[in-house]
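Peer 1: Add chain B to chain A, keeping to what the hints say.
Quick mapping for you: the protein sequence lines, in order, are chains A and B. Residue 126 in numbering that gives the first Met the number 0 sits at position 127 of the first sequence; the count goes up by one each step and never skips. Residue 61 in numbering that gives the first Met the number 0 sits at position 62 of the second sequence; the count goes up by one each step and never skips.
Among the hints, a few may not be true.
As the list claims (entries may be wrong) - To spell it out: a stretch of chain A is covered by chain B in this simulated footprint if at least three of its residues, at any positions, have a beta carbon under 8 Å from a beta carbon of chain B; those stretches are:
(1) 22-34
(2) 124-133
(3) 155-161
Worth flagging that the hints you see were computed from the coordinates, not collected in a lab. Note that CB positions come from ideal geometry on N, CA and C, so glycine has one too.
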Amino acid sequence: MAAASAQLVSSADITGKVVLKGTPKPEIPIDMAADPKCGALHSKQITTRHYVADSGGGLANAFVYIKSGLTEKSFPTPGDAPLLDQVGCEYTPYVVGVQVNQKLKIKNSDPTLHNVHATPKPGSANKEFNFAQPVKDMVSEKAFPAPEVLVRFKCDVHPWMFAYVGVVEHPFFAVTGKDGTFKISGVPNGKYTIEAYHVKTHMANPGATQEVTVTGDAKADFTIELK
Amino acid sequence: MARTTNNPWLGRYAAFTALATLALICAGGLVTSHGAGMAVPDWPNTFGYNMFFFRISQWVGGVFYEHTHRLIASGVGLLTTILAVWLWLKESRRWLRWLGVIAFLAVVFQGVLGGLRVVLFKDEIGIFHATLAQLFFCLVCAIALFLSRWWRSLDAMRTQLTDRNGLRRIFLAGTVLIFAQLILGATMRHQHAGLAIPDFPTAYGKLWPEMDVDSVAKYNQDRIEIKAFNPITAFQIGLQMTHRLGAVLIFAAVAGCAWLANRQFGVRHPLGKLCSLWFGLIVIQVFLGAATIWTGKSADIATAHVAVGALSLSIGVLATIVARRVLVPLSAQVSALCRTSGGSTPFEATPATGL
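So that you can see chain A by itself, here it is in the shape it has in the complex (with noise of 0.2 Å):
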């Protein structure tokens, strides 16, 4: 007991950089015929985003997140809701996440409808929903009340928009930035296992995950590569 509140006392951050190795296929470009106003929004062509990498190999829209190390600890649900937002027929963040319970607001600023289907993987406690949001600067929030990494998010009158959103029991996660970095911050002095979790490789690489002991400020890397 009392190690366990020495640890709620201390925290510290885990950085890090996840690199992808290896050469894609070219992500595919996005053709919004289907509905004249997405094209409008966009004055040049925008393609998929499986595989967002800068020169150096920074891999983006990884989720990071502790996976294990803290199964004794509850965490309060967050006042605050992260956004999902669809700007010009597009999910943004393509990644993002939350914690269990936490609300999740959806928007949309576009001038056209979209509806907003969410589906959790099969098995999942999750439930799959789909709403409409007819009109631009709607918001809505939604909850998922189950772990689950990760969510998938798709519009069916835009079948090109999709993102992900990464429900995890505790504050302890991150997505990586357009070079591939990442920041969790507030991690409890403790031996844990770290998880980077890409959509696209997540099933080549099953063991994108490393033991990491906090102590203080601690490093993690992670090299995935195509196999």
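Peer 2: Same frame as chain A, now just chain B:
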């Protein structure tokens, strides 16, 4: 009100309803091909509006396909209702009147299935919805056949043709194979996983693809999809390979039918003509199946594949029905010959005989 078997306008109306049903199958095919099955989240309304008053300016993206599918379905429902009532009032054959009732019940059930698929999020219902659509189309085609003057004229042929080659059974077997293939195809499409195998005639560059966990993981890793497809699984790869093998079996069965029918009755005989049409459809269908893969599952090509599949099934059903009407089993002919105490051999139509 006098009932009769001679209702030419009713027959034409039934044929029109069959055509409308084919158009509905195409519309439904486009919905799945475009991944738009859930584009309208509610049912029976459309984004909260009465579906008949939903503004055309909002028919964008996937909404266009799903919403027009619902509107066309409503039209086919109305046509079928009128068909059932018209049959009940004017048709003297009781069994045919009841076929009209079955068609009405089927189209209502089909509509409810489509709605439940949306509100219950059940892909399995989508598979059943697609399969029932094909059966309903066959039913309406059969009703149109039974109402036709040509069908009534087939009686004159019945005692003349012996089923020497077991064509009645071969037609049935080919039709059942096609139906099984359609169920496979519907199951494949409602996995919503895109193309489980991206190449043809090879499968991931091989005669038979690798289906172990690591290989499937690599297929998913390498695929760059433009839509929100579900991940490829070994089950889906197995489904597609089974579908390819099914195509080979069907090609052989229908080719055999066409050859036997034309050999026995000639190309100008109705059964010869039906079989030739059937075989032609299967050839087109094989090409469309390959083209679906070569075009990366282009929605138009994939939908044409669905439509020709429906036509292939319906021609098989009609050919089976006609064969059972005009062909006498060889065993029955032999029995009749024995009963006539060594009388003359049964008269048989020659290739020169048409209708």
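Peer 1: All hints, please: hold or fail.
Peer 2: Hint check:
1. Counting residues of the stretch 22-34 of chain A whose beta carbon lies closer than 8 Å to any beta carbon of chain B gives 8, which reaches the threshold of three, so the coverage claim holds.
2. A count of 5 residues in the stretch 124-133 of chain A with a Cβ less than 8 Å from any Cβ of chain B is obtained; the coverage claim is therefore met, three being the minimum.
3. Residue count for the stretch 155-161 of chain A with a Cβ under 8 Å from a Cβ of chain B: 7. That meets the three needed, and the coverage hint holds.
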